[in-house]
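Asker: Since the structure of chain A is already known, use the hints to place chains B, C and D on it.
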Amino acid sequence: MDAAIDYQAFRAEIRDFALAHCPPDIRAVVASYRKLSRKVWYPWQRILFEHGWGAPSWPKEFGGTGWDPRQRVIFDEVMAECDCPPQYHHGLRHLGPVIIEFGTPEQQKRFLPGILNGEDWWCQGYSEPGAGSDLASLRTTARREDDHYMVDGQKTWTSHAHESDWMYTLVRTSKEPKKQQGISLLLIPLNLPGITIRPIRTIDGWHHVNEVFLDGVRVPAANRIGEEGQGWTYGKFLLERERLGGANIAPHRKALERVRELVATELAGEGRRAERELLQHRLLLAESELLAASELGRESVEAVMQGNALGMLPSVIKLGTSVTMQTISQIALDAVGERLAPRFRRVDGAGPNAEEPGIEWVQNYMYARVRTIYGGSSEVQKNVIAKQLFGI
Amino acid sequence: MDAAIDYQAFRAEIRDFALAHCPPDIRAVVASYRKLSRKVWYPWQRILFEHGWGAPSWPKEFGGTGWDPRQRVIFDEVMAECDCPPQYHHGLRHLGPVIIEFGTPEQQKRFLPGILNGEDWWCQGYSEPGAGSDLASLRTTARREDDHYMVDGQKTWTSHAHESDWMYTLVRTSKEPKKQQGISLLLIPLNLPGITIRPIRTIDGWHHVNEVFLDGVRVPAANRIGEEGQGWTYGKFLLERERLGGANIAPHRKALERVRELVATELAGEGRRAERELLQHRLLLAESELLAASELGRESVEAVMQGNALGMLPSVIKLGTSVTMQTISQIALDAVGERLAPRFRRVDGAGPNAEEPGIEWVQNYMYARVRTIYGGSSEVQKNVIAKQLFGI
Amino acid sequence: MTFATTLIVSGETFEMAYRFGQVAERELAGIADAAGQAACIERLWNGIGELGWMGTAIPEEAGGAGGDLADLAAIASGAGRAGLALPVASSCGVVPALLAGNPVLPDVATGAARVAVILPGAAQDEDTGGLRIRLLNDGLTLDGVVVGVETPPNPTHALVAAEGAEPMLLLIPASSPGVQTELYQRIDGRLAADWHFSLVTVDSGWIVARGPEVPERTAAARDLGALLTCIECVSAMGALIEQTIQYLLNREQFGAPLATYQALRHRVADMYVEYENLRGITARALRAAQSGEPSWQAIAFAKLRLGEAGRAVAESAIQCHGGMGMTEELPAIRLCKRLMMAEFEFGNRVFQAARLLAADGRTSTAAAD
Amino acid sequence: MTFATTLIVSGETFEMAYRFGQVAERELAGIADAAGQAACIERLWNGIGELGWMGTAIPEEAGGAGGDLADLAAIASGAGRAGLALPVASSCGVVPALLAGNPVLPDVATGAARVAVILPGAAQDEDTGGLRIRLLNDGLTLDGVVVGVETPPNPTHALVAAEGAEPMLLLIPASSPGVQTELYQRIDGRLAADWHFSLVTVDSGWIVARGPEVPERTAAARDLGALLTCIECVSAMGALIEQTIQYLLNREQFGAPLATYQALRHRVADMYVEYENLRGITARALRAAQSGEPSWQAIAFAKLRLGEAGRAVAESAIQCHGGMGMTEELPAIRLCKRLMMAEFEFGNRVFQAARLLAADGRTSTAAAD
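Residue numbers (my numbering), protein chains in the order written: chain A, 1 to 392; chain B, 1 to 392; chain C, 1 to 369; chain D, 1 to 369.
Some hints could be false.
[Unchecked claim] Away from chain D, derived, C-beta distances all over 12 Å, residues of chain A:
hint, residue
1, 4
2, 17
3, 28
4, 38
5, 129
6, 144
7, 195
8, 283
9, 289
10, 299
11, 311
12, 379
13, 387
14, 390
[Claimed, not checked] Derived coverage of chain D by chain B (criterion: at least 3 residues anywhere in the stretch with Cβ under 8 Å from a Cβ of chain B; other residues may be distant):
hint, stretch
15, 257-264
16, 313-319
17, 331-345
Think of the hints as simulated: they come from the structure by calculation, not from any bench.
The C-beta atom is built at its ideal place from N, Cα and C for all residues, glycine as well.
One chain only, chain A, in its complex shape:
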C-alpha cells in the first residue's frame, strides 16, 4: 500500500499549503520563539481542520487523515520548517487516540469533534507533587457516589491548565496493593466548583505550567474513559503511541539555523571575529550531532513502517538531541547574553518583556534546561539504556 505513496509530492503538498495558509502573524510568533498560547494554536488548528488535516494521527473514520507514520513525521517536519505551530495539542495527540480506542460511541461523539476543530482545549492531569517520574504512586482520589465521582487531590506541572476547558486526569479509584492498579481515567471540566488553578513560576519567567487543586470536585461517572481501575493501561497506550516523537529533528535544525544567523549578525565584524569563530565551530559540532540524530529518526520511521521494534532508538535520540538543543541555546546565549540577558525581565504579565531581536534566546536558554528533565530525564534514559546494554 505505502509503495503507492509519493512522499516527496506529499511533502511538497504540505509545504505549499502551510506557506499559503498559515497566517504570517502566527508564523512570526513561532519564528521568534514567543509564547504559544491557545490564541496562537487555535486559528491554525481551525484552518487545518477545515482542510481535512485536523488530526494527522487519527483514523479516517473519526475525521483523521489516515496517514501512515512516515507521512505523519513528514507533516511534523514541514510544520517546523515553515514555522507553523507544532500540532502538539494534548487533546489531539494524547487523549483523542485513547477515546478512539477505549471510549464509548457516545464519548467519541461527545468529545472528538471539539478536539478536532479546536473548540475544546485540553490539558493533561497526570503528575502530582513529590511523585517525580513515578506515576504509579499517584494520590488524587476519586470516590464513587451514585453516578458521580468526588475527586480530591492535587496535580502539578499541568501545562496550559489556565487556558484549557478540560483536563483528562488519572485518579485513584481504589486502594489496590499493586500501585499500578486502581487508577482510572477521568475527563474533568475545568469550570467545575472546587477546582483552583495556580500558576507555577518557572525559571524562564514564562507561564507554562500550573498546579491544579481538586477539592471535592463532582465529576459525572460518564466522564470515565474505559473501565474503572484500568487507567494505567490507557496511560501506557499513550506512551507507546509516542515512540516516534523524537524522530522529527526539524525543529532542532531550524533552531540551529536560527542561531547560526544570530551569531553571524550579533558578532559581525573583525572585532568579534575570534568570538564568532569559536561559536561557529561549536555550532558545527552540534550540527553533526543533529545530522546523526536525523538519520536515527529516519531509521525509526523505517522500523515503524516495517513493523519492527525500535529498541533503544527513542532513548538514544532523546538523550542526544536534548543535550544538543541545550548546547545550541548555550551558544545563542554566549552570542547575545552580554547585551540582552540583563534586559530579559523577570515578571511575566507585568508589561511587555523587551522585544529586541535575539532576546528570545535568553528565554530559550533557560527553558532548554527542561529538555534533559522532562519526558524521562537523562538519568532515567541512561538507566534504561544501561539495562539493555548490560542485561542486568
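Answerer: Chains B, C and D in isolation, oriented as in the chain A frame:
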C-alpha cells in the same frame, strides 16, 4: 621555629643550585618528556646527595635535610621549574621513611645509605593481578622456613622493576580472617633465583611497568621490616605521608607553558589562525584551573604546617588536576597530531623513535590517560568526596 | 551531620550581611507581583543604607566607615550567600571607588545618592551609535542610549564613563533635562535600567574626572566590581551546593533517597570540585588585590573561571532538582539564576579571555603565587 | 544474553573480512618483536591479496571483481571490527580509484603492486619546503620529503598527487634513483613510511593524470578514504563497546561486578549514544555516496563526528578498564588506539570543519536526507 625560615631565599637557593649543577643533558631529557630511567635519575641524585640534599623528606639524623613541609614542596616545585628529574624514587619517598620509623638499627644501617646516595634502586611490589585498588585482597604468600621466607606469587604494575636492585613487597604471611591482617613487608633482592620480570606493554609504547613472578623465592627473614602481620600498617603509614603529593602544581604549569609554545610554533601563520585561537582559548581555561589548584595546594601546605586536617583537599586537587593535565595533552595532540601522531612508533627498543620536537606530546597524550586511573581513580575520588558531602 | 562548604570570607561582617540577605530573600520570595517586589527592593536598599553598607569603604571624613577591601569582601560574601537582589558590588565597591574625593560621597554613604554606573562597553541599543560626548554650539553634549544597566532603586544619578575626544567621568543627575530612565527587574531579581540621553548638555559640575586618568580609573573600578562579584558568587555557589545536597538527601525516587544514586553523587562531587576551584582562584585574586601590587590578571582569571563554573554548576543543580529545578519555588534555583547573570557583570568570559590573550601576560601571573 | 551493537554493514563479505581480521589480530597480538610483527603484516597482506580484497572495486577486465561501494564498505566494516592493521581504505578504495584505467591496475588487484598514496597536505619534514615538482634542465624533477604515510608492507610505488605549476598525479616506482623510504610501525600497529625524494627525474611514464582533473580526483579519492575510514571505525567502536561491557560484567571490585556501578553504567550509555550517532551519520554519508549525487559535506560531517566521538569513546573505554586500559593486553584497548589514529587519516577534524565553514555549504546538506 619556622618563622625563622626565609622561604623566598630558600627557593632562590634551590633554584640557583639546580640551574648550576643539574647537567644539561639530564635537563634536556626532562624538558622533552623523554623516558626517565635510572640512568637519568641516578647522577642527579648523586649530586643532590653530595650537596646534602639527598633526602628532603628524611630527618637530619638519617642524612635527610630536616626541611619542613613547605620547604619540601618548594623543593619539588623548583625541580619541576628547572627541568630537574622529579626526586620521586620509590626508595627515597616510600621505603626510606618506613625503615626510619619501623626498621631495626641494623636495617637502617644496611639500607638507608644506598637509598640516599642512589646506589641501590628500589621498586614497589604492592599491586597484584585482579586486585585493582583493593590491596587487602593480595595473594602472594610468604611461608616461614627457619630464618627464611619462601615467597610465591605474582606482582603487577611494578614500575622500574626491570632496572631495580630491590623490591619492597607486601606478602601474606598468614591466613587471617580479616583480610588486612596477616600481611608483612619484605625486602626482596631482585637477583634471587625464582624471580622473573616481564615487561607490560603499555598504550604509549613505552616500558614503564612490569609483572614480577615470584616462584619459590628464598628471602632472609632479616629482610622483614617491622613485625610479621603488620605490613598493612606500614603501607597505610606511607599513604598518609603522601597527602601533600598533589600540592605541587609546578609540573602542570610547566606542561601548560610548553604546550602554549608548541601551539604558537606549530600553528604559526595566518593559515592556521582559527585553529590556533581555538587551542589558545582552551589553554586559557586549563590555566585558570591550574591557578585555582595551585591556590588549593598552597592551602594544603598551610594546613599541614599548622597541623590542621586537609579534609577533601587532596581528592579535590587530584580530581581536578588529573583532568586538566589530560586536557593539556589533548590540546597538544590537536596541535601536532596530524603531523606527528603517524610518526610515533609502536615498538619500544626496536630502534629510536622519531625525534622531532613535539612528538613527545603524542606519547604524553597516551600516557596522560593514566592520571584519572592511578593513585585512586577519579571514580574512587568522587566516591570519597560524595561520602563526605552527603554523610552517607 | 549537615555538610557546609568552606567559606571564602567569614567573621562578624559576613554573618551580619548573610543574616540580612536571608531575611530579604525570604521576604522577596513571598511577593508575587512586580510592584510589590519593587517596593520591597526599595525597603531593602534603605535597610542596607542604614546598616552602612555603602559607606563601608568610604573614608570616615566623607561619612563612611573607612573600611578596606576585606570589609567589602565580607559584605559581598554574606550578601552573595543569600543571593541578595541588590547591586552590592557596584554600590558598595565600584561607585565609592570612582567617586573618591567627590562631594557627593557622604550621600553615597547613606544611600541617599543612588548611583548607577555606566562603564565603557555597556550594552547599546541596536539603532543608536552608542553613547557619545560631542561639542555642540560651544558646549559639551551627551547623546545616546545604554540598556540593561544594573541599578539601585530609583536611581538619582548615572555615573558615566564616556569615551570621546577626551574621556570623561560624569555624574549626571537623573532629573536632568533630556535624561530618561526605564526600570525593570532582571531574571535574578535585581533591578536594571535603560538610560536615554537625548542631547543632554553637560554641566561642568558633573565632571568627576577627565583625560587619561578616566580609562585607568574605570578599568580599576571594573576589576574591583569583578572581584566582588566573584566573591559573591563563591558564596552563592557554596550555598547552592549545600542546598542541592539537602534536597537529594530528602527526596526519594523509586523508594530510595536521590542521594544514594551514584550518578547524582558523582555529579555533586564534580560541582564541589568546581566550587573549590572557584573559591581558590578567587581567594588568590583577593590576596593579590590586598597585596601591594594588585594583579588584573588574577581577577581576569577568576572571572573567567566564574563564567565557566557558574553556568556549569547552575545547570547541574537544576538537573539534580529535576522538575523542581525548573521552578522558582526553591532558594537554590534562585541562586542558580544569580550565578547565570553574574557572568555578564563587569566583563564576561569573552572580555576576560580576550584581554588575557592580548596581554600575553600569563607568565607574569606566576608572581601572584 | 550478550549485547551486540547494530552493524553498519552486514552480510557475507562483512563476515569473511571480520573472520580474517580476528585471526590476524590474534596472530599479531602474540608477536612481541618488531621484525616478527613486520613479517606477520606482510603475510596478512598476501592473505588479503589472495582473497581479492584489493580487487574488490576494480573492473573485471582489469583483473578485479567489479564490485561497488557496498562491497568496499562490507570489507572496511569487517576489517574495522577486528582492528585489522592493514591500510584497507587506502589499498582497496583510494588506490584503485585514483589508478582507474591505469595499466598497473591488475597488479594492484593481486596485491603485487603495493602502492602508498601521498595526498596534498601530507605531513612534511620541518626542514624541507614540502614536495615540489619543478622544471630543471628541461625535465621535470620531484624533490622533497613526506613523512608518516600509511603504507602496505614493502611498498613498490608511491602514488603522489604533486602540486606545482601544473598539478600531477604520479605513480613513482619505489626503486627509482633518488627515492628512499623508511618504514616503521605506528602505535595502532599499522605500517607507515617516510619518503625521501632527492631531485628525482620524473619519467613521463609515471604520469597518471595532469592538470585540473588532478585536484578533483584527489579530493574525491580523499573523501572515499574518509568514508571507508568512518565505516571501519563504526565497526571498531561497536566492538569496543561490546568488549567494554563484557569486561565490566566480568570484573569485580569491592565485592560487586563493575557493571553494577551506576557511574560506569551511565558512562557506557554515553558511549553507546556516541556510537549510534557515528553509525547514523556514517550511514547517511554512505547512502549519499551511493546515490546519484554524492555529497562531500555528508562525508566531512561524518569524519568530523568520528574525530570527536572516536577520541571520547576511546578515552572512556580506557577509563572503564582501569589499569588494564593502560596496557595493550586486551583487544579492546588495541581498538582504542585504532580509533585515536583514524582521526588523522584523510583529513582530521580541523580540515573537515574548515572546509565546511568555508563552503558555508551547510544548508545544502539537507538535500542528503
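Asker: Where does the structure disagree with the numbered hints, that is, which hint numbers, in rising order?
Answerer: 8, 9, 10, 11, 12, 13 and 14
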